[in-house]
Amino acid sequence: MKKFMQFVLLTLLTLTLFACQDNDDIPEDDALDYDAMFEMIADAIDEQLPIQFNRSIILPTFDEVNIEWTLNNEPITNILVYSPPFMDKEELVRAKITIADMTRTYTYPIFTLAPDSPLNRNIMFINTDIPIEDVTKDTYRNASVSVRSFINETMTTVFDNNQVEIRGRGNSTWAMPKRPYRLKFAEDVSILGMPEARNYVLLAEYADKSLLRNTVTFKFSSLLENIEHTPQTRVVEVYFNDAYHGVYTLTEHIEIHENKLSIDTIPNVEDAGFFLELDQRFYQHGNTIGVDGISVAGIPYVIKMPKPREDLTPQQVAYIEQYIRDMETALTQKSGYEYYLDIDNFIDYFIVHELFKNVDVGWGSVFFYKRPSEVLKVGPIWDFDLAIGNANYIDYGPPNWYGMRDHKNRWFKLMMDIPEVREKFKVRYMEIYEEKIPLLLEVVDELGNAMIPAANRNFRRWDILGQYDWPNPTEVVNATTYSQQVRYIYNYIEARAEWMYYEVQSTNYQNGIFD
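Position 180 of the sequence shown, counted from 1, bears residue number 190 in my numbering, the numbering being contiguous throughout.
FYI, nobody ran anything at the bench for these hints, they're computed from the structure.
Remember, predicted model here, so these are calculated numbers, not experimental data.
Note that the Cβ used here is the ideal one computed from N, Cα and C, for glycine as well.
Incorrect hints may appear among the rest.
Distance ranges between label pairs, derived from CB positions [said to hold, decoys possible]:
id: 1; residue 1: His-417; residue 2: Arg-65; range: 48 to 58 Å
id: 2; residue 1: Lys-106; residue 2: Glu-265; range: 47 to 57 Å
id: 3; residue 1: Arg-467; residue 2: Lys-344; range: 52 to 62 Å
Kindly produce the complete structure, drawing on both the sequences and the hints.
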């Protein structure tokens, strides 16, 4: 109603101005109140511009009034185009308003939201054909998914699909009260601007009381140009069958897909193109060496593509196994390894794992791939809810090296035994420390502040702040407010990054001593 009344008043003022243009007999004291007109137009613009901005809009126009627009002092047309920022940022829209021969400029701050910002207020409604508590990891169940978001501050349905199935997922996380899930749609769909695909994942982040570790890690990974693909994330508050279940991280399912990490395979050729995962639960999952994967130096790797028992041939299994053996031999001999692996990619990938001290660096969720006639690469990054000081069964504190151990990640250990590789790792890390770590810390602050309203709702549903949940360290248990949880991961990253910065310049590091 307020906008309508302003429109009516502006229309009347405009008509009056038009009518008076050719009337020279109007006394000066009866002239239009231009101050009031300018303020009326400025207020109307203020009403129509959102404070939180996440979708392009057409800027307002008024008859007999000229407006020149700028965004951050750069001229724009009458369309304010939403360009997704890396993180939320304040910007300035200016309107230079001209009426008759008078001009005034007004400034409007707007807050442009990143796609993964919690301030988008994404709410996901999932309805299942059985109670959500009865959904298992083994069987997909029919479901429907609807998503509502604040689009330029107006709650809007942005996604609606009833051709979807849901099942449980995860290993240790599946045993937690707040469970993670997998969504499988009948065809490729894009949810909240993420790459079109059939498969999505809902991470529960139950043991990660910051609710941010995966998102923070993925955003950091996306800054590193030698990591080819990083999953996107969206913060969603989920209702299962109309019951609120709290904050989840909606993200991509790790797979080979033309819209994600794309690999073209060549059927019935030894060097067919491969996608694999280091998985110490290989046998626990019922896999068989030579059929579902391979074992090199006692470490099992699942072959995910070509698909075992469908497209994978014995010749291809033998080829990729021998390729990895030859790569490890070259690393051990400290010569010729560049013909087998992309060392810049390996360095960036393991910097992420080491910086965040990820428990799974040698256990699982370590993915790697080889395109036909190309060298091996690692990625995408995955599964960091028990990183950044959130696992009490390891040396979880900011000091001390972690991943380059024989009992952690064999490839990381072999590459860091090579002096030339250690030097490249050092140079690259120091570059990242100077250029990326300040931005990473800013990301933690921004995401943490933006998450507060959703986090408060989540922890009303799951009253676990100040409670031990496996494998929370004492510091996580003692952080009894959400803000303290965010401050813990901020301080951890800051301290860990600084420790690594000085340690890569130490004599021990130069000599390959990581104890």
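Going through the hints against the structure:
1. His-417 - Arg-65: 48 to 58 Å: holds (50 Å)
2. Lys-106 - Glu-265: 47 to 57 Å: Holds, at about 50 Å.
3. Arg-467 - Lys-344: 52 to 62 Å: holds (54 Å)
Hint check: no violations occur; every hint is consistent with the structure.
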